[in-house]
Structures are given as structure tokens and as C-alpha cells.
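Position in the sequence shown counted from 1, then plus 190, gives you the working numbering.
Derived by calculation from the structure, the hints in this document are not laboratory data. Possibly wrong hints are sitting among the right ones.
Label-pair distances were calculated between CB atoms; the ranges are [unchecked claim]:
#	residue 1	residue 2	range
1	256	205	37 to 47 Å
2	235	255	53 to 63 Å
3	234	212	30 to 40 Å
4	259	191	23 to 33 Å
5	235	206	48 to 58 Å
6	194	258	37 to 47 Å
Taking lysine to aspartate or glutamate and the EDC-like style, the derived pairs with C-alpha atoms no more than 20 Å apart in a straight line are [to be verified]:
#	residue 1	residue 2
7	222	240
8	222	204
9	217	236
10	263	236
11	222	236
12	217	243
For each residue, glycine too, the CB sits at the ideal point set by N, CA and C.
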Amino acid sequence: IEVVMEAVHKLKYENYTSSFFIRDIIKPDPPKNLQLRPLKNSRQVEVSWEYPDTWSTPHSYFSLTFCVQVQGKN
Numbered sequence: 191i192e193v194v195m196e197a198v199h200k201l202k203y204e205n206y207t208s209s210f211f212i213r214d215i216i217k218p219d220p221p222k223n224l225q226l227r228p229l230k231n232s233r234q235v236e237v238s239w240e241y242p243d244t245w246s247t248p249h250s251y252f253s254l255t256f257c258v259q260v261q262g263k264n
């Protein structure tokens, strides 16, 4: 998004422009229905979740990027 501000006062003119990406200023709610399902005969799990209810529909308009961090027990 690009925001442009122009101001005129008597003999003075000023112009300012600022650009940003929506993804850099929006903090979404956490995902819902987070589930961990152990895989048979394995030490692996399947992780699944859904978009938060507060995220816009359709989800493809502004896609969310999820970051999954796995930490094992000691």
C-alpha cells in the first residue's frame, strides 16, 4: 500500500509518501483447532490447524504464513 499526503498552505507545498505491506503491520489471532496426531509405529506426529475465525474470507485474499517450531522432551 502506498499512502500519499499533500499539503498546500499559501505559497508552501509539501508532499510525503510512505509505502508498506499489510503483512508487515497485521498481527493475526493464533490458529484454531490445533491438533497433534501420533503416526503409527513412528516417533513422528502429524500437526494440523485451521485459520482463526477473525481472518478474512476467502483465505486466499491475504494468505497467512505459519511457522511451526518443534521442541522435544529431554
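The hints, checked one at a time:
1. 256 / 205: 37 to 47 Å: holds, 39 Å
2. 235 / 255: 53 to 63 Å: Distance hint for residue 235, residue 255 is violated at roughly 21 Å.
3. 234 / 212: 30 to 40 Å: Because 35 Å falls inside the window, the suggested range holds.
4. 259 / 191: 23 to 33 Å: holds, 30 Å
5. 235 / 206: 48 to 58 Å: holds, 51 Å
6. 194 / 258: 37 to 47 Å: Since residue 194 and residue 258 have Cβ atoms about 39 Å apart, the given range 37 to 47 Å holds.
7. 222 / 240: Given pair residue 222, residue 240 holds - Cα atoms ~5 Å apart, limit 20 Å.
8. 222 / 204: It is violated: about 47 Å lies between the C-alpha atoms, which goes past 20 Å.
9. 217 / 236: Violated, because 26 Å separates the two Cα atoms, which is more than 20 Å.
10. 263 / 236: Roughly 17 Å separates the two Cα atoms, so the pair holds.
11. 222 / 236: Measuring from Cα to Cα gives roughly 16 Å; hence the hint holds.
12. 217 / 243: holds, 14 Å
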